[in-house]
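> Using the working numbering, read the sequence shown as starting at 1 and increasing by one per residue.
Calculated directly from the structure, the hints in this document are not laboratory data.
Every residue gets a Cβ at the ideal spot worked out from N, C-alpha and C, and that includes glycine.
Please note that the accuracy of each hint is not assured.
Stated by the list, open to error - If you anchor each label on the Cβ, the simulated ranges turn out as follows: (1) 207 <-> 280: 53 to 59 Å; (2) 415 <-> 194: 26 to 32 Å; (3) 227 <-> 114: 20 to 26 Å; (4) 212 <-> 73: 33 to 39 Å; (5) 212 <-> 117: 36 to 42 Å.
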Amino acid sequence: MTGADCVLGVDLGTSSVKAVLVDRDGRILGQGRAEYGFVSLHSLWAEQSSEAWLHAFTEAVRETLLRAGITAQNVKGMAVSAIGGGTGIPVDVGMQPIRPCLLWLDRRAKIESERVRQMISDEDLYAITGNGADSYFGFTKILWIKNHEPEVWSRINYFLPPNADIIYRLTGEIAVDHSQACNIGGVYDLGKRAWSEEMADILDIPPYFFPERLVGSQEIVGRLHKAGARMLGLMEGLPVCAGGVDAAVATLRAGVMREGQHAAMLSSSTCWGFIHASADRFPGLVSMPYVIDSETLTYSYGGSATSGSVVQWFRDNFADNERLVETLTSGGKRRVSAFDLLDEHASTIQPGSNGLMVLPYFMGERSPIWDVDARGTITGLTLNHTKSHLYRAMLESVAYALKNNIDYGSAAFRGLEDQLTVVGDVSKSDLWVEIITNVTGRPVRVLPHSGKAAYGAAVIAAYGIGMIDRQQMADWLSVQPAKVLTPDAAANAVYERSFDNFKRLYEHMKSYFPTATET
């Protein structure tokens, strides 16, 4: 067992919990992971329970401690990154969960979103909250619960965002960080950094549903109680910092600390965003207080609903041979993943996939089109196309959606730096990073697949407990080696034409999408 002091960062994502232990010098000592899925009772519905989160959280933390060979006494603090954009967990007066969380990608609240736009203009809503009315945001899903589940509604005491729910289960303390509060949407005043009683009154949502205690991401919310410590294998009394929305925490992990820097996190979904010190509103983007300097810095981002999930869908449904090879090599010295094989074959296909085009809108789409009815689309197929063409077109479609957000955001905020930093699962695919570089036409700085939002949470924990200062934070964020790719002019020219086709295809299809209902 090593005796190095360290901090624990944990990220509660859409499909798994990731944990990482980091020492005083910012080096990763060990990592753990526990996977889970979501429940989808109907098309475009997605729910997860508090119990599923806590079980996976416990598994990931215990695996991390085991892999790192660290004793509980050496862990000095913890912070929690988590998915945003959902209802969180509704709990009763005894703080027991009443129903699962409606996740950020749950799109059932279409009618509620339309009604909100009838109650208040987009201009006024953005002026107060910094965000719009869409079924992505938690407050529209909360209204869905009100309209469809009156028995649940009558029992609600609080809505706890995912990291707040986990922290309560482990410490007994109730608080919500500013990034999660704002990401609920319509009930938070971005300018005042406070819950909006005015909006709660307009929406007819009881303001007491939202915990009064609002905190910065680095603030210590509470300390592990005896049961929480026993559950995780850590020391009772361990300080637990609030953390924040995973997109912002991953952006911090990418080294984004000053105005104009920007980064993209590509995992199950894509979040691309930048930070700014102004009080500007950017209609069409999602905004929230940043996870450092939350009183003065704002994080604004565009998000695609499906990214890695589209690629995983392709693997699960069309890559039986590649998955078989992965299974057969999993016990050997050289494991070959199905994705590596798919990448290898797709790398032989020319940019543009021979005219094959995909819209990656498998769960509707967030920014910049905000279309709950959008659907996945494949067009341009010929008898000359192969599985590899289709796989490459899937990768390219995610890059086009990313570029769509970057172009939209850079038009709204003129101070963006040229270089784009990417973090997340995409870093494991050289082909995908190359495609992103050539599609965006920007130099792309790639961080290794090491911790992502979990590492960002560890940084927040170290800062929150006083283990590091701001300069040491910057040092931590640069300790992991990165590579920078520059775009190829010829490939970029091809992708510029294809990107125009990508946007035109959506414009042609959007009137059809609302009629494409499942039977």
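> Enumerate the violated hints, using their earlier numbering and listing them in ascending order.
1, 3, 5
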